[in-house]
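A.B. asks: The task is simple: from the sequences and hints, build the whole structure.
In order, the protein sequences belong to chains A and B. Counting in the working numbering, the first sequence runs from -3 upward without gaps. Counting in the working numbering, the second sequence runs from -3 upward without gaps.
No wet-lab data here; the hints were simulated from the structure. Keep in mind the model is a prediction, meaning the values are calculated, not measured.
Distance windows between CB atoms, simulated:
(1) B:370 to A:131: 30 to 36 Å
(2) B:315 to A:68: 48 to 54 Å
(3) A:330 to B:370: 55 to 61 Å
(4) B:164 to A:338: 27 to 33 Å
(5) B:82 to A:58: 57 to 63 Å
(6) A:83 to B:51: 53 to 59 Å
(7) B:51 to A:33: 48 to 54 Å
(8) B:369 to A:33: 49 to 55 Å
(9) A:278 to B:340: 48 to 54 Å
(10) B:278 to A:83: 51 to 57 Å
(11) A:338 to B:325: 31 to 37 Å
(12) B:340 to A:384: 42 to 48 Å
Beta carbons: idealized from backbone N, C-alpha and C, even for Gly.
Protein chains: 2
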Amino acid sequence: MKVLITGIDGYSGWPLALHLMGRNHDVVGLDNFVTRKRVKEVGSWSATPIPPWPKRQAAAEKKFGRLLKFHKGDMDDFAFVRRVLETERPDAIVHLAEQRSAPYSMIDVHHAVRTQADNLTGTLHLLYAMKEVVPEAHLVKMGTMGEYGTPNVDIPEGFFEIDYQGRSDRLPFPRQAGSWYHWSKVFDSGDVMFATKIWNLRSTDVMQGVLYGIRTPEITENALLTRFDFDETWGTALNRFVVEAILGLPITAYGKGDQIRGFIALEDSMQSLRLAIEHPAQAGEYRVFNQFDEAYSVNQLAELVKRVAEERGLHPVIEHPPNPRVEADQHYYHPIHEHLPALGYQRTRALEEVVRELFRDLTKFKRRLAAKRHVVMPTVQWRQADNARDVARRAPPADPGAVPGPSGGTSPPNLPSGPSTTPSSA
Amino acid sequence: MKVLITGIDGYSGWPLALHLMGRNHDVVGLDNFVTRKRVKEVGSWSATPIPPWPKRQAAAEKKFGRLLKFHKGDMDDFAFVRRVLETERPDAIVHLAEQRSAPYSMIDVHHAVRTQADNLTGTLHLLYAMKEVVPEAHLVKMGTMGEYGTPNVDIPEGFFEIDYQGRSDRLPFPRQAGSWYHWSKVFDSGDVMFATKIWNLRSTDVMQGVLYGIRTPEITENALLTRFDFDETWGTALNRFVVEAILGLPITAYGKGDQIRGFIALEDSMQSLRLAIEHPAQAGEYRVFNQFDEAYSVNQLAELVKRVAEERGLHPVIEHPPNPRVEADQHYYHPIHEHLPALGYQRTRALEEVVRELFRDLTKFKRRLAAKRHVVMPTVQWRQADNARDVARRAPPADPGAVPGPSGGTSPPNLPSGPSTTPSSA
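C.D. replies: Next up, the structure:
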């Protein structure tokens, strides 16, 4: 099959490209590289050095002996989106090209507006271009389990049958998101559901849990690495905890730490997306997958990271800074996930084993972590309207070439092997 | 109380200003006059000639002997929104400044994006400015009953208590909107609910039914008239039916005509909004009002209009063109509306009496209706991605000064009394 991946330069877009190429699918990508810019904007970088795009592309083509076509451009430009579909006529489109950070969306009014307006605009452009050019193609749209919030009832896969006041219906499950970013995904879900209905499209809306890990079997050399973000804006709680442990910082479990979320390994997310692609929705079908394996509390993550750190001779303490977010401290959490197993999905990676792997891999990039230790602790407060000054005060966006390594100089950090990082790496 | 009305130049913004001034509230307005431009864009105009803003403002100030302050500007400009709040420090803000036409949002991809991105951006700007400048003020946000769609169960006011899989919760009622415009209101509801929660704001989200009528007791002269839109893009079904009957066109009840919606008279909507303003939400409270009086099917409206037309010696036929929208033909419809009556709301206007009034009033503007008879019949098709060419082919946006009246000349149509219309009237 021919698969277009929007946001192919991102954390999951890139390993998805490799995974699909390894399965003999034709992959086409598009990206505008804005995540690289936005991570710089908050003064951070990826722990893993990410080569400039042409090097990534060449490395993938070399590994698989297949073409990896690419279109540089912005989903905000409808003519561009339409032109890509006209040129490529993909069978499936995996739409990952969105602003994906909750704290980034909460920095201030402008980040809120950009997150919601850009995400919504890109999705609408894609839906219209699909309707006009490839109405038979299958859209796999990345959403988030965070759309549902933490209701006091089980969370079904998108829809539920209810009885209310003596009558019954099958209705979309109510959404209660927890950041402007998460709401942007709720809005996308509405637009994708509606477009599918009026235009008879095929769509799968993926309510994905939090991803963990940076390895997939196809990532066999440094030029094929995917990004690993660990700052407070772009890193997940687990990513920050591992990095905090490596850097000798306290592990910062926000609030009481009893908040529970669903998780899935990067590699298993790739398996899930491939299964969705290989088993497309029917014409006119809008289906929802809850894409996660297991739910963990923040404290469970913190304790797991602490335990694995101690195996390695580290001695992190767990701290509980006031929760910068507004979310339920203690809550019921039981989402259903049956659609993917019905397509043959089987979990392959356990959290603890991936955390061990993360410690091994990231220790090699310790100098890159240390150079950004000042952007790991929380700054962006949900209850505050303007966090921009605090973000800038904490960590003025730095010229990566000027960040001193442990030697105090400006030489790039050592890589475990392969090509050295360049100033343009992200 | 001091009340800021965003979108004060619009169909309901203007009579709300008059109603509140008549009740001794201080009224401040803002508008960018974009509705006037957009109605021209589709080749139409208001049946009632609307004077340029300075004349409206002067007429209102003269009538009530009170100042009507005004700020011209765009909600898309955060600095402007913030500056208005800093200057005025209102007690309540009624947010009506949004693109309000479903067919307009369905014209093509650009109208879809503009509708959703602009509506969402204006609301976010207002929420942030409130949080920073007047966190104690009360936001009355105009939504629509169309957010809910037509579920097979009763529609509660925003939230419902449910039992699901043996557990229970109070959850937002699921939204299933029927156009990009209606979805934009769903998105606003999410953002207002979330901002209220994280910033402890006060908000009332008004799920309003379809408005009907152009008279309120405060509209005592032509300079105080509100707009009456009747083209396929900006007019409601009822408005189009009345105009079709007056012009000797068939009454066009889309599809089978069994689609049911909730309705409320303009004057009773003003009463409702005033009650919301005078009984503000508590700090941290996000409350939802289903603001309508009675539900009617499209056929009921068509038959009522036909009956009243016949009383006046007209003989319209009812036709059923294919439904350009995608909506349930036949469905259950039972929304609850208890919150407003609990504040003392009492319906004052019956639909039939308002329809008679509309016939009387609009007949005086028959030449303005006749000049735009070509934009009354449906063009914008929900199932089609690009309707822009059809809209332009049907009715190239005309220079209103050049539209011939019944005399074949270019003189402005006669008004029943008061100042004559000008080329800049909308």
